[in-house]
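Going line by line, the protein sequences match chains F and D. Counting in this note's numbering, the first sequence runs from 5 upward without gaps. Counting in this note's numbering, the second sequence runs from 5 upward without gaps.
Take the hints with a grain of salt, since some may be wrong.
One copy or any two copies: either way a pair holds, since identical chains are not told apart in the list.
Claimed, not checked - With a cut-off of at most 30 angstroms between alpha-carbon atoms, the simulated DSS-like pairs for lysine-lysine come out as follows:
id	residue 1	residue 2
1	265	139
2	265	288
3	51	30
4	265	51
5	141	265
6	139	173
7	116	173
Since the hints were made in silico from the structure, they are not lab data.
Single-letter residue listing:
Number of protein chains: 2
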Amino acid sequence: MIETPYLLFLGDAPDALAAKVAQGIKDWRPGNCVGQFRMEGCKADMKLTDMTLAEAKAAGAKTLVIGVANRGGVISPAWKKVLIAALEEGFDIASGLHNLLRNEEDLVAVAKACGRTLHDVRIPSVQYPIATGVKRKGKRCLAVGTDCSVGKMYTALCMDKEMKERGLKSSFRATGQTGILITGDGVPLDAVIADFMAGSIEYLTPDNDDDHWDMIEGQGSLFHASYSGVTMALIHGGQPDALVLCHEPTREHMRGLPDYKLPSLQQVRDMAMGLASWVNPDVKVVGISVNTQHMSEEDARAYLAKVEEEMGLPATDPYRYGAGPLVDALAALG
Amino acid sequence: MIETPYLLFLGDAPDALAAKVAQGIKDWRPGNCVGQFRMEGCKADMKLTDMTLAEAKAAGAKTLVIGVANRGGVISPAWKKVLIAALEEGFDIASGLHNLLRNEEDLVAVAKACGRTLHDVRIPSVQYPIATGVKRKGKRCLAVGTDCSVGKMYTALCMDKEMKERGLKSSFRATGQTGILITGDGVPLDAVIADFMAGSIEYLTPDNDDDHWDMIEGQGSLFHASYSGVTMALIHGGQPDALVLCHEPTREHMRGLPDYKLPSLQQVRDMAMGLASWVNPDVKVVGISVNTQHMSEEDARAYLAKVEEEMGLPATDPYRYGAGPLVDALAALG
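The following block holds chain F by itself, in its conformation from the complex:
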């Protein structure tokens, strides 16, 4: 568990895209952000107050979150200087970078001397159990995709937000690095040891109130040859009551696999239902989430109407048009 609130470290981000982790935190948990820390030459801006470490500390920030990708897989000397100063100032540091904070000897030494914690969210910090398959209390909704990176995290976050705005009980359950930094907690599923994948999802989504929904961030796709095992573990470990199918219609082949076309929504529905109903016979597909970011308003509206017609289910782009229809469908499950 990462202590909040955060100071978002944007470093020397060469453009806005390099700071997309910070953007995600700012968009979804603005209340967790007291300000931003930018270095000379930083081209990203979260429209948060620029603060020194001391100012952020005084404003209550507990953790410096690295919200920017590093260049060339190296933590530069310029960054290092800020990170060490932050530890000395009393901040923990959280990072989703591939090169781990814990492998930087100077950071480890200073963190130890100052009694601070280095959070590498890319790798698990917990010894997860083996899954038991036992039914848990409360309800769970899982986003499953036709492909990787089609908007499963955004779908779960949008639905969680809509649920909370309606006064309904909901928790976003992060299964990837960005999601973990957004919420401060979660399972970095792609880095979990094979035998413990489903168990890590049971751990992430424990017993809860009967009317509480876990909105589980999906990963991979049942049809993605590289990562399908991860998706399978989410379905069996999550025991979802509801599935939302996620799709990006303009993609020409599966991400990273030029020889593979995307499966149809029908194929994903049938495969996911076949697998999920084994662990939860009451599971239902409640709707379709379409990522229309590369489509015009007219094309997006037409595509959503076509999908609704073909699938007989509500379809929306929850980020563009709101998650209302998906949350309505969840509520209708009772």
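Use these hints to put chain D onto chain F, whose structure you have.
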């Protein structure tokens, strides 16, 4: 790669079952075994020549393989004495124990001083790639089960043996600890990091001759809530041309999951075919392997006849009655 031939270490095995790893090596790769090393009180016997370390060394043994489970998860002082002497004598040591050789400081120090290697086959020794999903040359057969521990390893080993006896090209591809110790190589799939599972199977089963078959050891089950993700990675990473369904008819619930009945052979066939055909449209289910060890001769024969009738496919217990029908079916694929 573990150097052969082996001296099988049976330690102070309290009974034959405790030495089942040694038994597997002796049964399947007798040519790899120069002898056995037994301590005071050992109740297991592989019917190999009892040898001292020096005698085994003189007979050409390269690696001492721990073929026995240790009690209480501790490598006892009595074992330790033999293991250290083996390193000093010039043996490598290979182990599938949960507690790793590499965590024993004295073994590590002596191995280093003697220039010997400690093989912990329970954890990967390779940084596996991400799967590409690209079609490889050669053919692959995967054993998929209704449950864990129904005989998938024995099925693949029996088929590999039958193939070789017929002069056909075949390699047994191990995906578990016992299989790795039997062949000296393989992927400990249950210990691989999630993102690399399918890639590890592509790595294990690379391009080969057009008429060569990899007999891939299966793991878990698509219907086992704890381990289904591992099975999924085998199907997508293995891109099998042929599937053999494996079943144990007397089991009352899935292994470790008292709330779950076993799926039917039809359910496993349909689910496995749906997933496998995505990466290899030509995949076929070629036969059924039934583990009849808990059935009388009469019951076993009757059950096999019933399954053949119901499934329209050859069915055998390859360990009890030979793998002939399964290999015939592979050969018929051309």
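Identical-chain pair category, residue 51 with residue 30, by Cα at 30 angstroms: For residue 51 and residue 30, only the intra-copy Cα distance (9 angstroms) is at most 30 angstroms; the inter-copy one is 69 angstroms.
Treating 30 angstroms as the Cα threshold, decide for residue 141 and residue 265: within, between, both or neither. between (38 angstroms within a copy, 21 angstroms between copies)
How would you label the pair residue 265, residue 51 (within, between, both, or neither) given a Cα cut-off of 30 angstroms? neither (39 angstroms within a copy, 56 angstroms between copies)
Quick one: residue 265 to residue 139, C-alpha cut-off 30 angstroms, is that within a copy, between copies, both, or neither? Between copies only: 15 angstroms across, 35 angstroms inside.
Given a CA cutoff of 30 angstroms, do residue 139 and residue 173 count as a within-copy pair, a between-copy pair, both, or neither? Within one copy only: 19 angstroms inside, 47 angstroms across.
Using 30 angstroms as the alpha-carbon threshold, which applies to residue 265 and residue 288: within, between, both, or neither? Answer is both; intra-copy 26 angstroms and inter-copy 22 angstroms each pass.
I want to check one pair: residue 116 and residue 173. Are their C-alpha atoms no more than 30 angstroms apart within a copy, between two copies, both, or neither? neither (39 angstroms within a copy, 57 angstroms between copies)
The earlier numbered hints that this structure contradicts are 4, 7.
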